[in-house]
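Undergrad: Given the coordinates of chain B, assemble chain D onto it according to the supplied hints.
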Amino acid sequence: MEPGKKATAFLLLFILTKAAIAQLQPVYSFQKDDTILKRNYYQQSLKKKDSYLSSVTKENTADYKKIYDEQYELIKDLLTTTRSVTSPEAHGYLQSVLKKIVSANNELNGLDVRVVFSRDWWPNAYSIGDGTIMINAGLVIYLNNEAELAFVLCHELSHYYLKHSGKSIKKYIETLHSEEFQKELKRLSKEQYRVNQQLEKLAKSMVFDSRSHSRNNEAEADLQAFNFLKRTGYDCHAIISSLEILDRIDDSSLYRPLDIEQVFSFADYPFKKKWVQKESAIFSQLDENESPLSQKEKDSLKTHPDCSKRILTLNDSVQSIKTQGKRFLVDENLFDKLKKDFFIEMTEQCYRDDNLSRNLYYSLLMVQANENIPVAVYSVARCLNKIYENQKKHSLGEMISGEDRKYSTDYNLLLRTLSRLRLDEITAINYHFCKQYYEQVKGYPGFKDEIKKLQEQKNQ
Amino acid sequence: MKKLLFAGTLLLVLSFFAGAQNTIENVQKVQRSNFSAIKEGTDVKGYYFFYISDKIDKKTNEYTLRIMDNNLKVLKDVKFQDSKNVAILESSFNGTDLVFLFYDEDAKTFEYQIYGADGKKKFVYTRQLTKKEKKYLEQTYLLINDDENTYKGLYPVDGLGFISNMPSREDKDYTFQIDFFSTEKQKQWSFTPTEGAKKFEGDYLGTFNGVVYMEVLKFGSRMDQNPESSIIGLSMETGKQIFEKPSDGKYRIYPASLSVINNGKAYIYGEYFNPNANIAKDKSLGFAFWGIDEKGNILTEKYCSWDLELGKYLNVSSKGKIEDFGFMYVHNILQTADGTIFAIGEGYKKVASALGIASKLLVRNSGLSTMKLKITDMILLKFDKDFNVKDAKIYDKNSNNIELSTGYEFVSTPYIGKLIKYYYGGFDYSYTQTNKDISSFSVCYSDYVRGKDYKGSTFNSISYNEGKVTTDKINTKSDATWSIVLPAKQGQVLIVDFFRKAKKVDPHFEKLN
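Chains as they are written, first to last, in our numbering: chain B, 859 to 1318; chain D, 26 to 538.
Isolated chain B (complex conformation):
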């Protein structure tokens, strides 16, 4: 049978039999957020902003306002969208870990903090400065135990406790308004030649100063976090192991690397080598150290000291702890469950953020590992349909990333494939993919809508 006829037969089969298929319960239910809690957190955060602004010196109010406005745009985006996780189970768990830390450290009692998980994919945690602390799903999935999560939390609490953000903003504005800086700016405004060179030098000195200050903050936060953690009963060796995780996180993956040639190859529609064929490149032998920034500049511009240095700094203190702490104080099973859930949640969030290449990548990793099949297959089908729709109207450019040396090889191969697939090839891959998993996924809610979309593409 010709592929086109086969496609019609498959789609017809689906339509004719769909009524007879009992709806399967999905293996995964997305976490339902507590929207009232999010609203309350956001209101608390706004109050904090007003109180900050009323306390700054009048002559610099405009500058502070500009910075805080930007800060609150981020907070708004985090606390008023699906990016933040406030579902009772996940949020409750995080609050329990927080409680363990606060109850063991009197100085943290009454500290006005809102600690929230986010569904963001990148492995990060951060303290925004108003008491909002975010821990990304993309970091949690790599942690081995609750003690490591507690250390991350202690580190971010330390930033807030030590007022690092407020101090940094104050220092930045004071530098900007300093007599010396203003004098230099005034002098440069009168210069006709080499102005940009001098401005660049001035800006660099400011950035170096700020980064060096930031590194000091990191070291200070690490030390404070150690002091907080050691009183909790958690295993302090988690400090070293979590820093080790961070050190190699760029090269880590929960799953084996994606074999794009295998997942997109079907008996009737084999993978085409031309989708991933390598091209010659300019500056193929470019020394990575010869990027626009010199090695020295790159080192100086680092936001944080290397993790290995951080480990060295804390190692003696950690080894001096004689009591054996615990890896779990709240709930080991729930921690493991959340880690698994968060992979699916962040995959879904990528879709909601129109980050289609990441959404497809994570979905395919699950399919390849034969995990969460119904939701993963549905996610792939839906993503490929959305890629088709946006490619057709020339708006896909903002939704898929370009290849980059900082990405893993398997992700880059997926990106290369996406950049080369034509509309009819996207449809063909999606069709064969859905056909392969049809029996397993046919009852999954939403899957039939994706099949309908596929049918419409075939008819075009």
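In case anyone wonders, no lab produced these hints; they're calculated from the structure.
Heads up, the beta-carbon is just placed ideally off N, CA and C, and yes, glycines get one too.
There's no promise every hint is true.
[What the hints assert, rightly or not] Far from chain B by the CB rule (all over 10 Å, computed), these chain D residues:
#1 I49
#2 I92
#3 D129
#4 E158
#5 T219
#6 G221
#7 S284
#8 K290
#9 G321
#10 D332
#11 V436
#12 Y456
#13 G476
#14 G481
#15 K526
#16 E535
[As the list claims (entries may be wrong)] Below, simulated DSSO-like cross-link-like pairs (lysine-lysine); rule was C-alpha separation at most 27 Å, straight line:
#17 B:K1136 - D:K477
#18 B:K1311 - D:K498
#19 B:K1250 - D:K104
#20 B:K1136 - D:K146
#21 B:K1059 - D:K290
#22 D:K529 - B:K1044
#23 D:K109 - B:K1048
#24 D:K64 - B:K1131
#25 D:K461 - B:K1059
#26 D:K410 - B:K1264
#27 B:K1310 - D:K493
#28 D:K502 - B:K1059
#29 B:K1062 - D:K145
#30 D:K480 - B:K1130
#31 D:K529 - B:K1059
#32 D:K80 - B:K1059
#33 D:K83 - B:K1048
#34 B:K1062 - D:K275
#35 D:K526 - B:K1048
#36 D:K80 - D:K410
#37 B:K1131 - D:K493
#38 D:K461 - B:K1130
#39 D:K243 - B:K1244
#40 B:K1306 - B:K1251
TA: Here is chain D on its own, set in the frame of chain B:
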């Protein structure tokens, strides 16, 4: 990523997001010509962005040449100081090395800077222009300010170097100069025809087995209207002339280009005429393909006449005029992996010019011709490997007009076709791209639409993929102050939007369907 873990302040978090975008902020002033694609034949390998980064003194600027890969990732920033009148005219990549052609208007120099695969400057070749030569270039090569960069005089030779073809002037003779710049070692040669005519026009046809093939028209005087056409072969090693053959076989041809197809054989193609015809005035009979060897021997000749061969698929007169389409200028010929040969062409015709006629009535020597050129549609011709026509299809687009100078009423259509391309820059065709195994290609061209829902520029493609041809159109009008569409990796285009108020340049890729 790890550098930003456990970020302590918002400022640092924000800097992480900013790095993920291709947007260039705080751009005070930028011109379309500051951006361009770096190509290796039809493949886009990267982009450059050339801008003034500082003023050093009254006469000197600091320039930055930012070189990016084909995903717009910055590979290198080259900073240097030079006269304030320096511009980049062209760039090219030959599979191993990169060349940039700088023009210094004050010093009257062309400087070819070669960069190796490690990003380091390898060689610099300088060509000093005479006053007369500079003037001649200003009337020819430098005159065309073409955003799509369809006209190029710098051609890559795979792994060996670059060929440059520039108009030139030797005292009273108007000629052209071929230069070869080696990328293997500091080695250069030049070839300039000066004998046997007062005016020479030369087109680079291609390179094959160590020979550089040129099409040369020799004019007895600047006003001569019956030039001699010949094919010249130069040694790639020395630049010495190996052969010169009149472009006469069974018929006379006017070679347009050379392609290496059919398992590594070289073919010269172009329109053909009766023997002894005047290629600058007479009507062509059809389209010819000549197999040619390294000594200039014609090995095979294949002629496809307008009326007999192409007439099967198109409504063509015996004079080569296709109904509503006019005459055909062939931009490119390529062979796909299955052996099928495609010719990509564009139509043009001479029509009465109301402006030219009116100005003739009002002003005696207005300089405008009573005829003008109308650029019409795109065409895709399909041949088998023996050059038998198998199909032809016209793809509609809106026509645009070019007013001609007096005297062009009587010039032959193939010659006019080259004038439109090289002198007027009037074709809408932008480029053709193939994938590595040549199982698919995309022909790209610009157009202008005056529709109910949309009025503005469009960027269009005719794509061939595994036997199927599809077309696509991208509306390029946006809120931007200006936008340019540059070639990108096969199947994609790069749209660069400049927003003057927001002082930003936003480049983004879009896929062609």
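Undergrad: A separate judgement is required for each hint: does it hold in the structure or not?
TA: Here is what the structure says about each hint:
At roughly 13 Å from the closest C-beta of chain B, the C-beta of I49 (chain D) stays outside 10 Å, upholding its exclusion from the interface. Not every Cβ of chain B is farther than 10 Å from the Cβ of I92 (chain D); the closest lies at roughly 7 Å, contradicting the non-interface assignment. Residue-level check passed: D129 (chain D) sits 20 Å from the nearest beta carbon of chain B, beyond 10 Å. Chain B leaves E158 (chain D) outside its interface by the beta-carbon criterion, the shortest separation being 31 Å against a cut-off of 10 Å.
The Cβ of T219 (chain D) sits about 37 Å from the closest Cβ of chain B, beyond the 10 Å cut-off, so the non-interface label holds. Distance check on G221 (chain D): its Cβ is at least 41 Å (rounded) from any Cβ of chain B, clearing the 10 Å threshold; non-interface status holds. S284 (chain D), annotated as away from the interface, keeps every beta carbon of chain B farther than 10 Å; the closest lies near 20 Å. No Cβ of chain B approaches the Cβ of K290 (chain D) within 10 Å, the least distance being about 24 Å, so the stated non-interface status holds.
Consistency note on G321 (chain D): stated as away from chain B, and its beta-carbon is indeed over 10 Å from all of that chain's, at 31 Å minimum. The beta carbon of D332 (chain D) sits about 37 Å from the closest Cβ of chain B, which is more than 10 Å, so the claim that it is off the interface holds. With a minimum CB-CB distance of about 40 Å to chain B, V436 (chain D) clears the 10 Å threshold, and the non-interface call stands. Against the 10 Å criterion, Y456 (chain D) stays outside the reach of chain B, whose nearest CB is about 17 Å from its own CB.
For G476 (chain D), the requirement that its beta carbon stay farther than 10 Å from each beta carbon of chain B is met, with the minimum near 16 Å. Chain B leaves G481 (chain D) outside its interface by the beta-carbon criterion, the shortest separation being 14 Å against a cut-off of 10 Å. With a least beta-carbon separation of about 19 Å from chain B, K526 (chain D) lies farther than 10 Å from that chain, consistent with its non-interface assignment. In this structure E535 (chain D) is not separated from chain B by more than 10 Å, as the shortest Cβ-Cβ distance comes to only about 4 Å.
Distance hint between K1136 (chain B) and K477 (chain D) is unfulfilled; the C-alpha atoms sit about 43 Å from each other, more than 27 Å. Only pairs whose Cα atoms come within 27 Å are accepted, and K1311 (chain B) paired with K498 (chain D) is accepted, the gap being roughly 23 Å. Between K1250 (chain B) and K104 (chain D) the alpha-carbon distance is near 40 Å, which puts this suggested pair outside the 27 Å criterion. Straight-line distance between C-alpha atoms of K1136 (chain B) and K146 (chain D) comes to about 25 Å, which keeps the hinted pair within the 27 Å bound.
Between K1059 (chain B) and K290 (chain D) the alpha-carbon distance is near 58 Å, which puts this suggested pair outside the 27 Å criterion. A hinted pair counts as satisfied when its Cα atoms are at most 27 Å apart, and K529 (chain D) with K1044 (chain B) qualifies at roughly 25 Å. Taken as a hint, the K109 (chain D) and K1048 (chain B) pair is honoured in the structure, with Cα atoms around 21 Å apart against an allowance of 27 Å. With a C-alpha separation of about 23 Å, the suggested pairing of K64 (chain D) with K1131 (chain B) holds against the 27 Å cut-off.
For the suggested pair K461 (chain D) and K1059 (chain B), the alpha carbons sit about 45 Å apart, so the restraint of at most 27 Å is broken. For the given pair, K410 (chain D) sits about 45 Å from K1264 (chain B) by alpha-carbon distance, which is inconsistent with the 27 Å threshold. A C-alpha spacing of about 25 Å is found between K1310 (chain B) and K493 (chain D), which places the hinted pair at or below 27 Å, so the restraint holds. Among the hinted pairs, K502 (chain D) with K1059 (chain B) is inconsistent with the structure: their alpha-carbon atoms are about 39 Å apart, more than 27 Å.
Proximity of K1062 (chain B) to K145 (chain D) is assessed by CA-CA distance (about 26 Å); at most 27 Å being required, the pair is judged to hold. The suggested pairing of K480 (chain D) with K1130 (chain B) is violated, with an alpha-carbon distance near 39 Å, which exceeds 27 Å. Among the hinted pairs, K529 (chain D) with K1059 (chain B) is consistent with the structure: their alpha-carbon atoms are about 22 Å apart, no more than 27 Å. The straight-line distance between the Cα atoms of K80 (chain D) and K1059 (chain B) is roughly 15 Å, inside the 27 Å bound, and the hint therefore holds.
For a cut-off of 27 Å, the pair hint linking K83 (chain D) to K1048 (chain B) stands: about 15 Å separates their Cα positions. Between K1062 (chain B) and K275 (chain D) the CA atoms are separated by roughly 71 Å; this puts the pair beyond 27 Å, and the hint is violated. Simply put, K526 (chain D) and K1048 (chain B) have alpha-carbon atoms about 24 Å apart, close enough for the 27 Å limit, and the pair holds. For the proposed pair K80 (chain D) and K410 (chain D), the alpha carbon gap of about 57 Å is over 27 Å, so the pair is violated.
The suggested pairing of K1131 (chain B) with K493 (chain D) holds, with an alpha-carbon distance near 19 Å, which does not exceed 27 Å. A distance of roughly 12 Å separates the Cα atoms of K461 (chain D) and K1130 (chain B); the hinted pair therefore holds under the 27 Å criterion. This hinted pair does not check out: K243 (chain D) and K1244 (chain B) have alpha carbons roughly 58 Å apart, beyond 27 Å. As the CA atoms of K1306 (chain B) and K1251 (chain B) are separated by approximately 23 Å, the hinted pair is consistent with the 27 Å bound.
This entry does not satisfy hints 2, 16, 17, 19, 21, 25, 26, 28, 30, 34, 36 and 39, going by the numbered hints stated previously.
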